[in-house]
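Engineer: Spelled out, the chains give:
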Amino acid sequence: VSRRRVVVTGVGTVTPLGCSFEQYWDGLAGGRSAVGPLRRFDADRFTCRLAAEVTLDDVEVANGRYGHEIRRMDLFVHFALAAARAAVADSNLPGLPSNGHRPPDAGGVFLGVGMGGLPHMENGVLHQEARGPRKTHPYLIPSLIPTMAAGMVGLDLGIEGPHYTLSSACSSGTQALGEALWAIRSGRLSWALAGGTEAVITPIAFSGFQAMRALSTLEAGSTPRPFDRRRDGMVVGEGAALFVLEEHQRAIERGAEIYGELKGYATVSGADGIVLGSTAHTERCMTAAVEDAGLTAQEIDAVFSRAGGLVHCDLRELEAIRRSLWDRGGRPAATSIEGHIGHTFGASGPLNLAAALGALAHQRLPPTLHHEDLPPEVEELDVVTTARPARLRNCLIDTFGFGGANAALVCGIPSAATHDSTHGFENHHPADSGPC
Amino acid sequence: MNRGAPTRPPVKTLERTSKGDGRVSEASLFDRVVKHMGEYLEMDVSHLDPNARIATAIPGIDSMKIFEMVLYLEDCFEVEFEEKVMEKIDTLSELVSYIDSKLAAKAVEAQ
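Listed in order, the protein sequences are those of chains A and B. Count along the first sequence from 1, add 12, and you get the number used in the working numbering. Count along the second sequence from 1, add 26, and you get the number used in the working numbering.
Calculated directly from the structure, the hints in this document are not laboratory data. Hints are all accurate, no fakes.
With a straight-line Cα cutoff of 27 angstroms, these simulated DSS-like cross-link-like pairs (lysine-lysine) come out:
(1) B:K114 / B:K132
(2) B:K110 / B:K128
(3) B:K91 / B:K110
(4) B:K114 / B:K128
(5) B:K61 / B:K110
(6) B:K128 / A:K147
(7) B:K61 / B:K91
(8) B:K61 / B:K128
(9) B:K132 / A:K147
(10) B:K132 / B:K61
(11) B:K128 / B:K91
(12) B:K110 / B:K132
(13) B:K61 / A:K147
(14) B:K114 / B:K61
(15) B:K114 / A:K147
(16) B:K91 / B:K114
(17) B:K91 / A:K147
(18) A:K147 / B:K110
DEER-style ranges, computed between Cβ atoms:
(19) B:G64 / A:S427: 57 to 67 angstroms
(20) A:H139 / B:I92: 14 to 24 angstroms
(21) A:G233 / B:D57: 49 to 59 angstroms
(22) B:A83 / A:R225: 52 to 62 angstroms
(23) A:R143 / B:K110: 16 to 26 angstroms
(24) A:H139 / B:S54: 23 to 33 angstroms
Backbone N, C-alpha and C define an ideal beta-carbon position, used for all residues, glycine too.
Produce the complete structure using the sequences and hints provided.
Structural biologist: Written as structure tokens, this is what we have:
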């Protein structure tokens, strides 16, 4: 029995490289880093004074029926709304607002949120201590609860199927996409809006990560250094990426343009410590995702890695790539976008999916910025250091969240892609694909 | 990017009337209350009359907006409203009278 396939028919991104998918891809492929001196707050007292910040003037969503409420929401909700509206507009999805459609056609929202409204929580506490609990803002709780991103997306766009919020730290968005994939595959839904959002550039987040010695203290322009021998920590980023996922046949029948197929997903629990990824469990997860896609290691051409320059985690992931893919005959290149946009926590999987879809469409891999030398244990692996053309059929996206949340996705060119309905796939062969 | 609740404007010294009791004139205070409500709601509410019911006369108003608007008005007039009194206030005229009484009490305290 052939199973239902799921394709991406709309993309919306909010990133430190720009707030359109085109700007994002151009920044990635062009090797542009958005990491720079932190501007959102005065960071003088922190050891890391760098961040990859979204230009907030580019995110104007406080309009429509819920404009008053949206204005009071924390940034992660704004980012999700901007990305959701862009994805839906991009997809030309018919039938919104649903006006009473029942599942499966009412659609659904699956959103990954790692930390939710941490900035509002911090400000709320400070405000309470300064002015007393009586002056606490009535919108404080709604503005920061993680579910509000998915909730506002559903209300704003009129999506009347279920909405879910998944919170598994840095695997949140990957799990949201994977669960949406499985919901459509199973027939419960015919389409969904799925992805992740995160915005925690706030002092308490920096305190917390500084206490864990997780933040880089190197100079701007040289960090973060994914996979590199001299890596010393991550840089905080922010953003959102949401996608319209549709059952393949439905997308074909309505003439939707297809960015790629979401082919496989796996999520497993396991870690070497509560905040430390594990080679064995990452390998297990990657292998299961490739199997779920019905592919072999040889059919995976690139890994969009979670590596963010963390001293202990990056190496474990590289070893897992070797065991799950290279030791099984695959030779995928590995790349990390964290030198471009920093670490985006719950949005990192979705932002990597957007990067992978850009790579598939352009048959080109973005570079791992600031990477120079691989650790000796994994020297044979292929890390992309400069943007390069590549024959890309399928990409694997890997994330790890605190608490042992491993999640991986496989996306690729639809096996029966048609040139007139598929973004950029006419440039399928490396020989044909010029610079972006 | 326009985010958050409107910022409270700088509090201006209220013009005192010839009553000598620290109160502003009812008409002047009514206009000020309506003006601040409009600032908070970011809409023109100058059509409201004293008998307008707060919970129903303003399009789109709900309990959350009323709670937030009360905080805003407190900051504008530098007074604190009592919860039990506010629960009973229905019309704009009642609200204005209540603010007037709080201002008068504040003026007495200042003396």
